[in-house]
Amino acid sequence: MSEVKEASGATPPRPRQIPAALRPLHWMGIPQGVLTWQPKLPSRNWTIFWTCLGSFTFLYYYDRKECRRIRAEYVERVRGLSEEVMQPSELPRRVQVYTAKYPGDDDYEAGVQYFKRYVKPVLVGAAVDYEIVSGTRLGGLARDLRDRIHSRRRNLAGVQPWDNKLGAAALPFSLTPAQALQRELDGAVVLIGRPALKEWAWALKEGWGTFIPAEPIDRDQQLAELLSEDNAFDEIFKEDVDNADAEVPLEKPAAPSQGFMLPSKVAFQGAKRSLPMGVPDAATSQSPVPEGTTPAPAPELPPMLPMPAQPPICFVDFTDLVGFRNIPRTMVNFFNRRKEVRNGGEAGLAIVLGNKNDAREFDVRPRGTVPSEPLQGGDLDWGVEEEAFYRPKFHRTLEIIAKERERYYNVLREELSASRELARGEREPTRSEKYERPRGEVELRQDRFQHERDWRNTEMGYEIAKTGVGVAWDDQWRGSLRVLRPRGPDESVPRKKYPDAPAEEQR
Numbered sequence: 001m002s003e004v005k006e007a008s009g010a011t012p013p014r015p016r017q018i019p020a021a022l023r024p025l026h027w028m029g030i031p032q033g034v035l036t037w038q039p040k041l042p043s044r045n046w047t048i049f050w051t052c053l054g055s056f057t058f059l060y061y062y063d064r065k066e067c068r069r070i071r072a073e074y075v076e077r078v079r080g081l082s083e084e085v086m087q088p089s090e091l092p093r094r095v096q097v098y099t100a101k102y103p104g105d106d107d108y109e110a111g112v113q114y115f116k117r118y119v120k121p122v123l124v125g126a127a128v129d130y131e132i133v134s135g136t137r138l139g140g141l142a143r144d145l146r147d148r149i150h151s152r153r154r155n156l157a158g159v160q161p162w163d164n165k166l167g168a169a170a171l172p173f174s175l176t177p178a179q180a181l182q183r184e185l186d187g188a189v190v191l192i193g194r195p196a197l198k199e200w201a202w203a204l205k206e207g208w209g210t211f212i213p214a215e216p217i218d219r220d221q222q223l224a225e226l227l228s229e230d231n232a233f234d235e236i237f238k239e240d241v242d243n244a245d246a247e248v249p250l251e252k253p254a255a256p257s258q259g260f261m262l263p264s265k266v267a268f269q270g271a272k273r274s275l276p277m278g279v280p281d282a283a284t285s286q287s288p289v290p291e292g293t294t295p296a297p298a299p300e301l302p303p304m305l306p307m308p309a310q311p312p313i314c315f316v317d318f319t320d321l322v323g324f325r326n327i328p329r330t331m332v333n334f335f336n337r338r339k340e341v342r343n344g345g346e347a348g349l350a351i352v353l354g355n356k357n358d359a360r361e362f363d364v365r366p367r368g369t370v371p372s373e374p375l376q377g378g379d380l381d382w383g384v385e386e387e388a389f390y391r392p393k394f395h396r397t398l399e400i401i402a403k404e405r406e407r408y409y410n411v412l413r414e415e416l417s418a419s420r421e422l423a424r425g426e427r428e429p430t431r432s433e434k435y436e437r438p439r440g441e442v443e444l445r446q447d448r449f450q451h452e453r454d455w456r457n458t459e460m461g462y463e464i465a466k467t468g469v470g471v472a473w474d475d476q477w478r479g480s481l482r483v484l485r486p487r488g489p490d491e492s493v494p495r496k497k498y499p500d501a502p503a504e505e506q507r
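Numbering-wise (full-length UniProt numbering), the sequence shown opens with residue 1 and increments by one.
Rather than coming from a laboratory, the hints here were simulated on the basis of the structure. Keep in mind the model is a prediction, meaning the values are calculated, not measured. Treat the hints with care, since some could be wrong.
In silico DSS-like cross-links for lysine-lysine, where the CA-CA straight-line distance does not exceed 30 Å [claimed, not checked]: (1) 393 / 403; (2) 466 / 116; (3) 65 / 120; (4) 116 / 356.
When you get a sec, could you build the whole thing from the sequences and use the hints?
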């Protein structure tokens, strides 16, 4: 008790006196607590927090500052091209930019954003035009380029006229086909990432190295005809329910005859069922084809090998880090964007300062020794290390499609049965069917056609981009492909000096 009393009766510490130099400030109204404040270090936890926050802030600021400086350096090295005077009949140089959907990433614009962020500023600084061709699905770029090459082959063979823009014939400076081809060769092909390289090479092989029909074909119409003769929409009777799974293929699409029936055929079959007995239908009333006669085969164009010279190629390294396991690398790259800016600047510099005359030959192994699996050697192995960062989900693409197809056909069979029962009046609609009428047979066929088209296109794209499969190659391409070489640190385009302009504008 005595100790408590002594503690309670202890005199409080004397307040800190205001320094003599600060006393006038006290009489001016500044509180005494402000004048007697003694700063001290924060606690351990606060020290760790402020240290980490300051470090990350400085890293971010320094990296973005360096990005602006590096980008400005590369733009300044090519700005002289944008100051050159062009004649009214001249067109700026144009390059083709190819980007493909990155395996495992749902954002198909990732490659386009990378190009616009790191390579485009250099092209804009040099007044170089560009055209982006982007694949929105796996294999989309390959299919687009293949169709373009087929159209080009028909143009060169004279079976299809050259495409002219509306009103181009009336323009005094419109390009002829020969001038348009020359302008294309004077440009370049920019490939963003290894997926774009694989799809581009596949399109070259399928476009120039195969037989094609002389007349343009509608691939959707072809698929519709192939899918119009299967048994997926055949009538399933009650005694055949046990064998329904065997009738409708679920594991994979049936041969080339599975799927969608055109609306005209659906209407024809409906009319055929309602014909009275004794009335011949259109199929039986036609005259038979005489024996010994076969329909004339459609004319085809042979492969063009060796293929014509292609614009010089520029490879742009691009790795799309997606997925949980790539989070550490993504965090490190967030504070090291200057590396991407420098890589994009080097690629842009090679595009602007390079041309088909000083480009090097495509580096590949000797003739007959190029394997079909990586490592293939030379330029065919460009970006092969990117495949190690693909999401594991991408490797299960075929398995995922098989499960989706099986689940879809199970639901389709139920919807088709309900739709036909209601259409025939075999039963009354349920409470839910009164509010939401089941889809008709024509709608179900169209929906199935769209699903099958997407599945088949995805399967084709997976076979092109999957790991363990190399880049498509043909030995007859030698001499037709060239690659833009990297530029040295001293190569640039000097800016013009105008004597009447102020010195500040000349710099």
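Here is what the structure says about each hint:
For the proposed pair residue 393 and residue 403, the alpha carbon gap of about 14 Å is at most 30 Å, so the pair holds. Between residue 466 and residue 116 the alpha-carbon distance is near 26 Å, which keeps this suggested pair within the 30 Å criterion. The suggested pairing of residue 65 with residue 120 holds, with an alpha-carbon distance near 19 Å, which does not exceed 30 Å. The straight-line distance between the Cα atoms of residue 116 and residue 356 is roughly 24 Å, inside the 30 Å bound, and the hint therefore holds.
The structure meets every hint from the earlier list without exception.
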